[in-house]
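K.L.:
Here the protein sequences line up with chains A and B, keeping their order.
First residue of the first sequence? That's 124 in the working numbering, and the numbers climb one at a time after it.
First residue of the second sequence? That's 124 in the working numbering, and the numbers climb one at a time after it.
Be careful, since some hints might not be right.
Because identical chains cannot be distinguished in the list, a pair is counted as satisfied if it fits within a single copy or across any two copies.
Using 25 angstroms as the maximum straight-line C-alpha spacing, the simulated SDA-like pairs for lysine to any residue come out as follows [said to hold, decoys possible]:
no., residue 1, residue 2
1, Lys130, Tyr167
2, Lys130, Ser373
3, Lys338, Arg370
4, Lys438, Leu171
5, Lys130, Arg372
6, Lys130, Gln271
7, Lys130, Thr156
8, Lys130, Gln159
9, Lys130, Pro270
10, Lys130, His371
11, Lys338, Leu326
12, Lys130, Glu176
13, Lys346, Asp162
14, Lys438, Ala428
15, Lys130, Val154
Since the hints were made in silico from the structure, they are not lab data.
Protein chains: 2
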Amino acid sequence: MKLASLKHGRDGRLVVVSRDLTRATDAFIVVPTLQQALDDWERYAPALEALAEQLEHGSVPSFRFHEHECASPLPRAYARRHAAAWPGYPALLRQAAGAEAPSGTAGGLRHAASDAFLGPRDPLGPGDPAGSLDLSAGLAAITGDVPQGADAAAAAGAIRLVTLVAEVIRHDRLRPDGLDLDGADAPALAASLAPVAVTPDELGEAWRDGALHRKLQVHRNDKPLGCPEAGADLGSGLVALVAEAARHRSLGAGTIVSAGPVSNRGIDGGPGRPAAEGGAGYACLAEARAAEVLTGGWVRTPYLAAGDRLRIEMKDGGGHSIFGAIEHDVTG
Amino acid sequence: MKLASLKHGRDGRLVVVSRDLTRATDAFIVVPTLQQALDDWERYAPALEALAEQLEHGSVPSFRFHEHECASPLPRAYARRHAAAWPGYPALLRQAAGAEAPSGTAGGLRHAASDAFLGPRDPLGPGDPAGSLDLSAGLAAITGDVPQGADAAAAAGAIRLVTLVAEVIRHDRLRPDGLDLDGADAPALAASLAPVAVTPDELGEAWRDGALHRKLQVHRNDKPLGCPEAGADLGSGLVALVAEAARHRSLGAGTIVSAGPVSNRGIDGGPGRPAAEGGAGYACLAEARAAEVLTGGWVRTPYLAAGDRLRIEMKDGGGHSIFGAIEHDVTG
Chain A
124 MKLASLKHGR DGRLVVVSRD LTRATDAFIV VPTLQQALDD WERYAPALEA LAEQLEHGSV
184 PSFRFHEHEC ASPLPRAYAR RHAAAWPGYP ALLRQAAGAE APSGTAGGLR HAASDAFLGP
244 RDPLGPGDPA GSLDLSAGLA AITGDVPQGA DAAAAAGAIR LVTLVAEVIR HDRLRPDGLD
304 LDGADAPALA ASLAPVAVTP DELGEAWRDG ALHRKLQVHR NDKPLGCPEA GADLGSGLVA
364 LVAEAARHRS LGAGTIVSAG PVSNRGIDGG PGRPAAEGGA GYACLAEARA AEVLTGGWVR
424 TPYLAAGDRL RIEMKDGGGH SIFGAIEHDV TG
Chain B
124 MKLASLKHGR DGRLVVVSRD LTRATDAFIV VPTLQQALDD WERYAPALEA LAEQLEHGSV
184 PSFRFHEHEC ASPLPRAYAR RHAAAWPGYP ALLRQAAGAE APSGTAGGLR HAASDAFLGP
244 RDPLGPGDPA GSLDLSAGLA AITGDVPQGA DAAAAAGAIR LVTLVAEVIR HDRLRPDGLD
304 LDGADAPALA ASLAPVAVTP DELGEAWRDG ALHRKLQVHR NDKPLGCPEA GADLGSGLVA
364 LVAEAARHRS LGAGTIVSAG PVSNRGIDGG PGRPAAEGGA GYACLAEARA AEVLTGGWVR
424 TPYLAAGDRL RIEMKDGGGH SIFGAIEHDV TG
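All chains, full assembly: derive it from the sequences and hints.
P.N.:
Pasting the structure below:
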C-alpha cells in the first residue's frame, strides 16, 4: 500500500496512491489523516488496503496524483529520532576537518524536529547568507506503537511505512560531533519526507536484513551528485535503529526514525568516488566536499545557492519511482 | 484561565479548571483536546475563557476536579525544546565532576521527547538498577504558532500557557555536556507536566520581565528538598527561550519550551545551601549531591529508589497551588 497526504490544514488529507504513482483516491471515508490511521492502525489498515486494491483495479473513483500537491506524508509528527547510520559520512567529515572521531559516537540517535516538515516540493527559502546550506538525503521509517525493549523482530513488525527523508543543514555552525557551536542541537533548518510512504511489503526483496537495499539517486541541477546503495556500508539498518530508539522508552504511533545521509565507501575503503568519475557519489554536499579535500586537496563542490535544485529519488528494479521525488529549489 | 486534560485516549479530554483547582467543567462543547484548541486558539480561546468565567460563578455544570485523574495538559506534543536555563546547575555539576565547562554551552536548547508525557501522578516505574535515577523540576511554556525570528514581544505574546515540568533523568550515562556516553541525546527516560496549565494572565505580577517569579517547592518523602526562586539566578526566562527556539525556524502551535532544573546560588555565589540548613535547596537530586561534594566532600543524598516520592508544586501569594502538584512514586 502507498499513502500520501495532500496539502490541507496542519495534518494533510490522506490519500491512497496507485503503485505506479499516477492515480490516487481519497481515504477520507476510512480515516482523514495519516496520524489518525497510525493511532489505530489495526482498525484502519485493512480498509486502506482494500482501497488500494480497488484503486489498482480501477473499481473506485480516483484522480490524477500530482507529487507537487503533497505535504510530507506526516506533515507533523510527535517524535523523530535521527542517526548518521552510514558511518562513512561522519568519519569522512571528521577526517577532512582533521578532527579525531570520539569513540562510539557514530550512529547515535538524536531527537530531531518533527513538528513541521516541508512539503517534498516546497522551495527552500532565501538561501543562506553564510553559504553553507546543505541537503542530506536518507531513509525514514514511520512506526506504530513500539514497546520499550522491543527486539529486532518486534521493531520490524512495528514499522508501518518507509519513505525518504531530506534534512536541510547549515554546516557553518556544526562541531564534528554534530552539535551546534554553542552546544545546542545542530539547527537542522528543516526536513522533508518523500511524497509517498509505502508499507514494507511494497518493497519486495529490497526490504531484507532489517534494511532497504536500493540505490538512492541524488541530482543537483539535473546532474547526478550520487547514487549510493542504501543497503551497503551501513552501520545500522532502519529495523535496528527502531529497536535502539525503543531501548530506553516506548515509541508512540507515528514516530519517525530517520537515517542519513546514505554514504558508500570507495572500493579501497576510503572516500567514495564522485558520480562524475563513475563512483557512487554522495547524498549530501558536505560529503562531496570532504572527499575533495581528502583526495584532491581543494574543494570544487559549492554548498547550495539561489537557483540550485536538489532532487532525491529511489527507483525499483523496473526503474519506477517508489516514493516519488523530493525536489527542493533554493530561492533567491 | 486554567486548563487540564483528563486521562482519555492518546490526547486526553480537555477541561476548564476553577482558579482554586477544586472544580472543573468539560470543554468538549467548545473543543475536545488541548492540541486542537492550540491549533485554532483565536477561535476557541474566547469560548474557553467564557466557560472559565461561568465556572467561577457556578453558572455551568461542573464536577469535582481530581489532580490524579489528569494526564499532562498536552499528553503528547509535536515539539519540545529544553534548556538548563539556570546556569548554576550545569556549572555545579561540572565543578563537582572536576570538568571544565565548555564555553557558552549552558542554556543551549536541545530537542527533547514530547510524544508521551507521563501523567503528573503516574508512578515512575521499576526504579533504576544503576541507582542514578533523578527528577529535575522546572517550568514550561506551551506556545501558539511562533514565526521564525520573533522578537521578545512576539514570543511573549505567543505563550498560550505556562505550567511545571519534571524530567526523569538517569545520570550514570551523562557526559558533562548533557549528552549520553555514546554521543546520543541523554536518555531523559520520561517527563511530565503539572496537572494544570494556566494562561499567563493568571500569574499576575509574578509573570514579569519574561519570566515567572515564584518559588518552586520540591519535596522528597514529605521533606523539603528545595524551594528555589524561579525568578532568580536565571540565564534566560521562558520568553527569551521561546524567542531563541524560534531563531532558526518557526514553532508550531503546541510547542513546549521547557527549562530546568531551577537552581539558586548561595549568598556567597557558590552552591546553594540545603533546605534543611535554611538554604533555597535544590530542584533535583544531582545538584544536591554536587553541592555536597563541593562543600562537605561526601555525598549524603541518594538518587531515587523504590518507595521514594517526589512532589513538585508552586504556590501563589496566598499559598494556593497554581498548577496542582506533580507527584511521582518510584515503584519497587
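K.L.:
Against each hint, give a clear statement of whether it holds in the structure.
P.N.:
Now the hints, each set against the structure:
In the homo-oligomer, the alpha carbons of Lys130 and Tyr167 lie at most 25 angstroms apart both inside one protomer (21 angstroms) and across protomers (23 angstroms), since each shortest distance falls under that limit. Taking the shortest Cα distances, Lys130 and Ser373 sit within 25 angstroms of each other only across copies (18 angstroms), while inside one copy they are farther apart (30 angstroms). For the identical chains of this complex, Lys338 and Arg370 are neighbours neither inside a copy (29 angstroms) nor across copies (36 angstroms), given an alpha-carbon limit of 25 angstroms. For the identical chains of this complex, Lys438 and Leu171 are intra-copy neighbours only, at 24 angstroms inside a copy versus 51 angstroms across copies, given an alpha-carbon limit of 25 angstroms.
Proximity of Lys130 to Arg372 under the C-alpha cut-off of 25 angstroms is restricted to the inter-copy arrangement: shortest distance 20 angstroms between copies versus 32 angstroms within a copy. Taking CA atoms no more than 25 angstroms apart as the test, Lys130 paired with Gln271 passes between copies only; the shortest distance there is 21 angstroms, against 33 angstroms inside one copy. For a Cα distance limit of 25 angstroms, the shortest separation of Lys130 from Thr156 qualifies both inside one copy, at 11 angstroms, and across copies, at 23 angstroms. Taking CA atoms no more than 25 angstroms apart as the test, Lys130 paired with Gln159 passes in both settings, with 16 angstroms inside one copy and 18 angstroms between copies.
Within a single copy, Lys130 and Pro270 get their C-alpha atoms only as close as 32 angstroms, which misses the 25 angstroms cut-off; across copies the closest is 20 angstroms, which meets it. Taking identical chains as interchangeable, the C-alpha atoms of Lys130 and His371 lie at most 25 angstroms apart only when they sit on different chains, with a minimum of 24 angstroms there against 35 angstroms within one chain. In this homomeric assembly, Lys338 and Leu326 come within 25 angstroms of each other (Cα to Cα) only inside a single copy, at 13 angstroms, whereas the closest approach across copies is 56 angstroms. Taking the shortest Cα distances, Lys130 and Glu176 sit within 25 angstroms of each other inside one copy (24 angstroms), while across copies they are farther apart (38 angstroms).
Taking the shortest alpha-carbon separations for Lys346 and Asp162, neither the intra-copy value of 41 angstroms nor the inter-copy value of 41 angstroms comes in at or below 25 angstroms. Proximity of Lys438 and Ala428 under a CA criterion of 25 angstroms is satisfied in neither setting, with 27 angstroms inside one chain copy and 53 angstroms between copies. Taking the shortest alpha-carbon separations for Lys130 and Val154, both the intra-copy value of 16 angstroms and the inter-copy value of 23 angstroms come in at or below 25 angstroms.
Of the numbered hints stated above, those contradicted by the structure are hints 3, 13 and 14, listed in ascending order.
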